[in-house]
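Protein chains in written order, with the UniProt record's numbering: chain A, 1 to 201; chain B, 1 to 201.
For the record, the hints were derived by calculation from the structure and aren't laboratory data.
One should not assume that every hint holds.
Where chains are identical, the list cannot tell them apart; a pair therefore holds if satisfied intra-copy or between any two copies.
For lysine to aspartate or glutamate, the following DMTMM-like pairs were computed, each having C-alpha atoms within a straight-line distance of at most 20 Å [claimed, not checked]: (1) Lys173 / Glu122; (2) Lys44 / Glu27; (3) Lys173 / Glu35; (4) Lys36 / Glu122; (5) Lys44 / Glu61; (6) Lys44 / Glu19; (7) Lys173 / Glu150; (8) Lys173 / Asp184; (9) Lys173 / Glu103; (10) Lys44 / Asp23; (11) Lys173 / Glu148; (12) Lys173 / Glu61; (13) Lys44 / Glu31; (14) Lys173 / Glu183; (15) Lys36 / Asp49.
What you are looking at is a predicted structure, and each value in this text was computed from that prediction instead of being measured.
Protein chains: 2
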Amino acid sequence: MTVRRRGRPARSEGGGARERILDAAREEFAERGYEKTSVRGIAKAAGVDSALVHHYFGTKEAVFAASVEVAFAPALGVPGVVEGGPLDGVGERLTRFVFGVWENPVTRAPLLAIVRSAVNNETAAGVFRRLIVEQLLGRIAGRLDVAEGEAELRVSLAAAQLVGTAMLRYVIKVEPLASAELEDVVSRIAPVVQGHLSGVQ
Amino acid sequence: MTVRRRGRPARSEGGGARERILDAAREEFAERGYEKTSVRGIAKAAGVDSALVHHYFGTKEAVFAASVEVAFAPALGVPGVVEGGPLDGVGERLTRFVFGVWENPVTRAPLLAIVRSAVNNETAAGVFRRLIVEQLLGRIAGRLDVAEGEAELRVSLAAAQLVGTAMLRYVIKVEPLASAELEDVVSRIAPVVQGHLSGVQ
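The shape of chain A in the complex, shown without the other chains (with noise of 0.2 Å):
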């Protein structure tokens, strides 16, 4: 056992405890949704005390929103799809970064997970707003030279594009979407989440 300091303990110690933590809350957020998770259902799944999540974490909203962020760190951290070129691109790099998340069986299930817990319970929509709507779509809409406001209702209806296209063909498997070929859907959806940045309809 290693020897434990007082206060938070370093993201090195505890043998990875604050990763498995957060491998299991997001099976168990997959597998039950939000509500019916619990802290002690999460430190169960991950072999540790309910209080070491506490520790690391505090509320079941903090340990949703921390597992929601690492799921999606590296590609929020990516700078590839607002930075990575000029401004009349981000259309295209947008709507590659979200199909190829969804398309990716690994990120695919922790994003369904988010999806399910936001359209059913206010907790979890409030950090799907703030991770994922503010952060990637915010940093957008900094980048597009109009007022603040319309640049980021361009930018909720470019994601609106987007999110109801996986809702249809990852979710709800609508014919002939969930079986159209990946480059289809994308020569067809990025044009129209670029015109919505633009402000061109």
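Given chain A, put chain B in place with the hints provided.
Structure of chain B alone, referenced to chain A:
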């Protein structure tokens, strides 16, 4: 007590029991979601015996389908959206129809229940696909003068814009979209919906 004939009761019998069951079902599905709702719970809420629910509808899935259908029958039956004008106005009519349903508190609650159930449960997703997508969207696809398959794909991408906008505005409540003036949202979304239908991006 009314004298019951054998076999399927006529709809006029039973003091509106069928309607009471459907009302109760809508409320139960809205409150508990598809999975946690039971035929017994619906029967209890409607003040009838479970056997009567089975008699009228059969399975829980069938009660769900019927309650969805009844909630949207007036809307789906209205020829206004699909046949009520020139094809180049379908985008705006469809957009106004969808937002009309969401803006109306009476239809918003059952719709939200359907969306939640469809996102959480494969069976409910199937009901959603058949009733909403195939009935409404299939009729629009039938009016497009392009190959089958292509028409359905266009319609589903148009629907994706509407579904996503409704999700972000009414369910996740992303700002400034959630508080934007309805007319502003319609004027930005309708041309995009029309663009999908016409195949112009």
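**Asked** Can you give the numbers of the hints that this structure goes against, from lowest to highest?
**Response** none
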